[in-house]
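S.K.: Each protein sequence line maps, in turn, to chains A and B. Number 173 in UniProt numbering belongs to position 173 of the first sequence; there are no gaps in the numbering. Number 20 in UniProt numbering belongs to position 20 of the second sequence; there are no gaps in the numbering.
Just so you know, these hints were derived from the structure itself, not from any lab. These figures come from a predicted structure and were not determined experimentally. One thing to keep in mind: the hints can contain errors.
When chains are identical, the list treats them as one kind, so a pair holds in a single copy or across two.
Claimed, not checked - Dumping the calculated EDC-like pairs for lysine to aspartate or glutamate here, alpha-carbon to alpha-carbon at most 20 angstroms:
1) Lys-334 <-> Asp-28
2) Lys-69 <-> Asp-324
3) Lys-334 <-> Asp-324
4) Lys-281 <-> Asp-28
5) Lys-69 <-> Glu-328
6) Lys-224 <-> Asp-208
7) Lys-281 <-> Glu-21
8) Lys-334 <-> Asp-43
9) Lys-30 <-> Asp-324
10) Lys-290 <-> Asp-185
11) Lys-240 <-> Asp-11
12) Lys-281 <-> Asp-11
13) Lys-281 <-> Glu-251
14) Lys-320 <-> Glu-175
15) Lys-290 <-> Asp-28
16) Lys-30 <-> Glu-257
17) Lys-320 <-> Asp-28
Letter by letter, the chains look like this.
Protein chains: 2
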Amino acid sequence: MSNSAKKIINDPLTCADELFEGLVLAYDGKARKVGKRSIVMNDLRPDAPALLIGGGAGHEPIYHGLVGKNMGDGAAVGDIFAAPPPDIVLEATQAVNRGKGVLYLYGNYAGDVMNFDIGAELAEEEGIEVRTVIINDDVASAPTSEKDKRRGVAGLVPIVKIAGAAAATVDTLDELVRITQKAVDHTRSVGVSTKPGSIPATGQPTFDLADDVIGLGMGIHGEKGIALIPMCTANELAPKMLDLIFGDDMELNAGDEIVLFVNSLGSTHMMELLILLKSAKPILEARGLKIHHTIVDSIVTCQEMAGVSISIMKLDDELKRLWDMPCESVGYTKL
Amino acid sequence: MSNSAKKIINDPLTCADELFEGLVLAYDGKARKVGKRSIVMNDLRPDAPALLIGGGAGHEPIYHGLVGKNMGDGAAVGDIFAAPPPDIVLEATQAVNRGKGVLYLYGNYAGDVMNFDIGAELAEEEGIEVRTVIINDDVASAPTSEKDKRRGVAGLVPIVKIAGAAAATVDTLDELVRITQKAVDHTRSVGVSTKPGSIPATGQPTFDLADDVIGLGMGIHGEKGIALIPMCTANELAPKMLDLIFGDDMELNAGDEIVLFVNSLGSTHMMELLILLKSAKPILEARGLKIHHTIVDSIVTCQEMAGVSISIMKLDDELKRLWDMPCESVGYTKL
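Next comes chain A alone, as it looks inside the complex (with noise of 0.2 angstroms):
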């Protein structure tokens, strides 16, 4: 086996149903396995719309650990890096829905978009109705003008958690589709990338990147974002990061309240994640945000690829009052 890169894993062509297998186990009897690769709640509300996350393999916990107690109702699971194709999709569509439609709720890569988007067909063609809420909350991936060819990013967790809670109390595909669009209305993104990972099936890296640079708002795969920037310190590199989120077209003024995001990539260490932390804080207090919540984790990830990015979800009334809703699930849990 190819193994360069020291991964403990078995064989580098099955990593995506091998870790899927572990994940069910993950679970202790709460979701389980549905088609090829879903991953499905066993208790669901009845009548209730559905709420339906997926995505390629290798990000974990993302997205299919996120299924959960006031969380995604299933997931599709793709290949390593690779969409779920339109039949996962649709056995997982199958098993989520309780007569009163689901919702696709993914980021917005072009695999992801095509293969959800013949899901949906195929499932409407057997009478569920389907609504589609695109998650695009990173603002180095382009222009404001240009908000449909921005990528999904670490945002999906606090979007996928208020989703989740909404599907738990709401009664219409309608109010669940409102209510989510919101949710990615309302949330920004930016990352940096200081290493890149190493592909399972190859053991090469997933981007190329020099030692002394960082890459400000790279994607998680390595897709370009805005500048390589000599790397720096974590104070000088907070301003760089808020600055993008803040010269965004979400207002953000004194008196706001947010949830705050600090995710690692992979291999960045949570005392980094912490000092980082650190110094945004007084640049969020010189602007008057108010920091309802903070998670500091590593949720959205590409292997051991090192990097951090930022995500502010600005709460209004109804948005905070699902946010204070408990959750569970392998990715994340609230109390």
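Model the placement of chain B on the given structure of chain A, informed by the hints.
M.R.: Below, chain B alone, put in the same frame as chain A:
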């Protein structure tokens, strides 16, 4: 600054203090800084015995990220990879004490034992009763006959969770000590290392390890384990790890219920944890063990070190009842 490891920090020599400031922010007002570098919950149950945890920094989220509801009442925090000094232990002790005494719970490392013991003497001079339970779950660090030489590793997470639940419910320090010691007696761990992390102050590796070997039973700072074994698959590694736990003196019989914790030591990706979990499943099933709760996460770390550990806590009725209580902290939350 020396930053060959590309860490997102400010000053290599102030990492412990800066991450601590970030940690206090991450608690969103639920905990506060006390003295030089301790963190203590704001709402503590009156007239109750206290649970103080602690250890060196650089291993986040442990120990200081495990303060919270039904978790530690407070933590004394050392410098990077260094035990908290006695004055910090004393300051934390004073802050968590509510007249019913304080339990010190920490991992078995010489510096921690020395400093917490001096802290206990200082506290007792002030009339605060202190008791100590030492975590020594690492079966690979010394033979069964020399348990007092064993290191504390990832088993600390379920142990602190149980101790925190006990501290929230019992009325006497004796009871807290009894239950916490039982949690320690019921917990075994074994870890493996595949790559060192790097020291924040120097950027140098925390230890040396050849590219083609795994350190079986190696400690999180590179302490000697059982053996260096050739790099292998998850299916080959799982029995090697579990046999070390099964070969120890804690009886694990068919029908026993356990908490299973698969932990990344830093940069080992959750994909790999899940694949190792899948590899462990048939071995646990063959022994007739019933998994009551599974944790798959990166909680006990050493910077961007690669490697995994497996911890097993055997539940009895009392431990199971305490396990099932919810808990909340920056590092581990359970609904």
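S.K.: Each of the hints needs a verdict: does it hold here or not?
M.R.: To see whether the hints hold, each was checked on the structure:
Both within a single protomer and between protomers do Lys-334 and Asp-28 lie at most 20 angstroms apart by alpha-carbon distance, with minima of 18 angstroms and 13 angstroms respectively. Both within a single protomer and between protomers do Lys-69 and Asp-324 lie at most 20 angstroms apart by alpha-carbon distance, with minima of 14 angstroms and 16 angstroms respectively. Within a single copy, Lys-334 and Asp-324 get their C-alpha atoms as close as 9 angstroms, and across copies as close as 15 angstroms, so both meet the 20 angstroms cut-off. In the homo-oligomer, the alpha carbons of Lys-281 and Asp-28 lie at most 20 angstroms apart only across protomers (12 angstroms), although the nearest pairing inside one protomer, at 38 angstroms, exceeds that limit.
In the homo-oligomer, the alpha carbons of Lys-69 and Glu-328 lie at most 20 angstroms apart both inside one protomer (5 angstroms) and across protomers (16 angstroms), since each shortest distance falls under that limit. Taking the closest pair of Cα atoms, Lys-224 and Asp-208 come within 20 angstroms of each other only inside a single copy of the chain (11 angstroms); across copies the shortest separation is 35 angstroms, beyond that limit. Proximity of Lys-281 to Glu-21 under the C-alpha cut-off of 20 angstroms is restricted to the inter-copy arrangement: shortest distance 10 angstroms between copies versus 40 angstroms within a copy. In the homo-oligomer, the alpha carbons of Lys-334 and Asp-43 lie at most 20 angstroms apart both inside one protomer (19 angstroms) and across protomers (18 angstroms), since each shortest distance falls under that limit.
When the C-alpha separation of Lys-30 and Asp-324 is checked against a cutoff of 20 angstroms, the pair qualifies only between copies, where the shortest distance is 15 angstroms, while the shortest distance within a copy is 22 angstroms. Proximity of Lys-290 to Asp-185 under the C-alpha cut-off of 20 angstroms is restricted to the intra-copy arrangement: shortest distance 19 angstroms within a copy versus 44 angstroms between copies. Taking CA atoms no more than 20 angstroms apart as the test, Lys-240 paired with Asp-11 passes between copies only; the shortest distance there is 18 angstroms, against 41 angstroms inside one copy. Proximity of Lys-281 and Asp-11 under a CA criterion of 20 angstroms is satisfied inter-copy only: 17 angstroms between copies versus 44 angstroms inside one chain copy.
Proximity of Lys-281 and Glu-251 under a CA criterion of 20 angstroms is satisfied intra-copy only: 18 angstroms inside one chain copy versus 49 angstroms between copies. Taking the shortest Cα distances, Lys-320 and Glu-175 sit within 20 angstroms of each other inside one copy (16 angstroms), while across copies they are farther apart (40 angstroms). In this assembly of identical chains, the alpha carbons of Lys-290 and Asp-28 lie at most 20 angstroms apart only when taken from different copies (10 angstroms versus 37 angstroms within one copy). In this assembly of identical chains, the alpha carbons of Lys-30 and Glu-257 lie at most 20 angstroms apart only when taken from different copies (17 angstroms versus 33 angstroms within one copy).
When the C-alpha separation of Lys-320 and Asp-28 is checked against a cutoff of 20 angstroms, the pair qualifies only between copies, where the shortest distance is 15 angstroms, while the shortest distance within a copy is 30 angstroms.
Checked against the numbered hints above, the structure breaks none of them.
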